[in-house]
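**Student:** Residues per chain are reported as follows:
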Amino acid sequence: MRCSKAQYLIELKLDNELPEEKGKALKLHLRKCSQCRKYEAEARELQQLLCTYPVREFPSWLHNRILEETVKHERKRMLNGLIVRWQTIPALVAIVLSLMGGWALGKTAYSKINPLPENASVIYSNQASQTDSLNLVVFGESTLMEDLFYQTSEDYK
Amino acid sequence: MKKEQFPEFLKANEKRIYNYLLSLLGDESDANDVAQMVFLSFYEHIDNIDESTALSYLYRIAHNKSMTYLKQKNRYVNFEPKSFEQMQDRNIKGNDKDYSLLHTAIKELPPRLASVIQLQYFDKLSYKEIAEKLGVSVKAVESLLVRAKKRLRKNLMKDRKEGRV
Chain H
7 MRCSKAQYLI ELKLDNELPE EKGKALKLHL RKCSQCRKYE AEARELQQLL
57 CTYPVREFPS WLHNRILEET VKHERKRMLN GLIVRWQTIP ALVAIVLSLM
107 GGWALGKTAY SKINPLPENA SVIYSNQASQ TDSLNLVVFG ESTLMEDLFY
157 QTSEDYK
Chain A
41 MKKEQFPEFL KANEKRIYNY LLSLLGDESD ANDVAQMVFL SFYEHIDNID
91 ESTALSYLYR IAHNKSMTYL KQKNRYVNFE PKSFEQMQDR NIKGNDKDYS
141 LLHTAIKELP PRLASVIQLQ YFDKLSYKEI AEKLGVSVKA VESLLVRAKK
191 RLRKNLMKDR KEGRV
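Note that the protein sequences, when read in sequence, are chains H and A.
Going by this note's numbering, the first residue of the first sequence is number 7, and it counts up by one from there.
Going by this note's numbering, the first residue of the second sequence is number 41, and it counts up by one from there.
Some hints here could point you the wrong way.
[Stated by the list, open to error] In silico DSBU-like links for lysine-lysine, alpha-carbon gap of 35 Å or less:
(1) H/K30 - H/K19
(2) A/K198 - H/K11
(3) H/K11 - A/K147
(4) A/K168 - H/K44
(5) A/K111 - A/K164
(6) A/K55 - H/K30
(7) A/K194 - A/K111
(8) A/K147 - A/K113
(9) H/K82 - A/K168
(10) H/K78 - A/K111
(11) A/K168 - H/K38
(12) A/K164 - H/K19
(13) A/K43 - A/K55
[Claimed, not checked] Facing chain A, according to a computed beta carbon distance under 10 Å, are these residues of chain H, among others:
(14) L18
(15) E27
(16) A31
(17) L34
(18) H35
(19) L36
(20) S40
(21) E46
(22) T58
(23) L68
(24) W109
[Said to hold, decoys possible] Covered by chain H, per the in silico footprint, the following chain A stretches (three or more residues, Cβ under 8 Å):
(25) 94–100
(26) 104–113
(27) 186–195
These are computed hints drawn from the structure, not numbers from a lab.
Ideal Cβ positions, reconstructed from N, Cα and C, are used throughout, including at glycine.
Construct all of the structure, not just a fragment, from the sequences and the given hints.
**Tutor:** As structure tokens, then:
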């Protein structure tokens, strides 16, 4: 057995984790190897020191403090979640209102510049069969296509 | 892991983490402060932590928080005369000196090796129990312990030669 292997087994032996069959082989090696016997003595000394190292109890007040902090953390997290939700609603309302307002303003401005002809719906219904692009449902709205058609119909007249 | 499991986990592991922090920081009040930070940090990320490796993760958090705490603490020098009275007596004799050297040697271990030493000798767990706690194999625990003790022995010899306390 090599010394490196023997030293590995010495550590297991000191922790009472060495299998019996390997223990016999280790015993034989230790009889012949003084270096490994010295290693075992040092390992035993360290073992003794580790086993008797003073261990402190965890303060009970600290245990309670940590639990309180986790409860506070949870409350804060829920509150932050609510705040984000509440802030989201007015933001969404503001966006929707801006879009609607912008659409209404645009419609008003465009209809002032390009008012619809009086017989626009009649023109559209007559020409509906000719082209698909003119097959629009008119509800008093003005579009670029309508505008173009109105111009061409005037030219035709 | 779930948040509901935290109180039970805290109770099961608070003592070993506290002693680990004491070995790293050497001061009770510092260990108290860092212990709070460690467990709160663990709680914040508990949903992403696997139960089998939770203890290893906790040891790593403890090590990192301690190192950060020590770095920040060393930036500020306390000039109060009281601090000199509270300094440790360097002329420690007998067994106390050995424990002090051991404490320094454990402090120099990486968190993975320090955790197996603590579980084996302070918590008196078997190799199988340590393997279950850390989520590794028994062979891995054997290897870690052998490495840890070799390093401890090396650090102890070095500290004794340098006459460090």
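**Student:** Next, verify each hint and record whether it holds.
**Tutor:** Here is how each hint holds up against the structure:
no. : hint            : result
1   : H/K30 - H/K19   : 11 Å, holds
2   : A/K198 - H/K11  : 24 Å, holds
3   : H/K11 - A/K147  : 28 Å, holds
4   : A/K168 - H/K44  : 29 Å, holds
5   : A/K111 - A/K164 : 32 Å, holds
6   : A/K55 - H/K30   : 38 Å, violated
7   : A/K194 - A/K111 : 25 Å, holds
8   : A/K147 - A/K113 : 17 Å, holds
9   : H/K82 - A/K168  : 40 Å, violated
10  : H/K78 - A/K111  : 28 Å, holds
11  : A/K168 - H/K38  : 32 Å, holds
12  : A/K164 - H/K19  : 15 Å, holds
13  : A/K43 - A/K55   : 20 Å, holds
14  : L18             : 7 Å, holds
15  : E27             : 16 Å, violated
16  : A31             : 17 Å, violated
17  : L34             : 21 Å, violated
18  : H35             : 16 Å, violated
19  : L36             : 17 Å, violated
20  : S40             : 18 Å, violated
21  : E46             : 12 Å, violated
22  : T58             : 8 Å, holds
23  : L68             : 6 Å, holds
24  : W109            : 44 Å, violated
25  : 94–100          : violated (count 0)
26  : 104–113         : violated (count 0)
27  : 186–195         : holds (count 4)
In this structure, the earlier hints numbered 6, 9, 15, 16, 17, 18, 19, 20, 21, 24, 25, 26 are contradicted, and the remaining ones agree with it.
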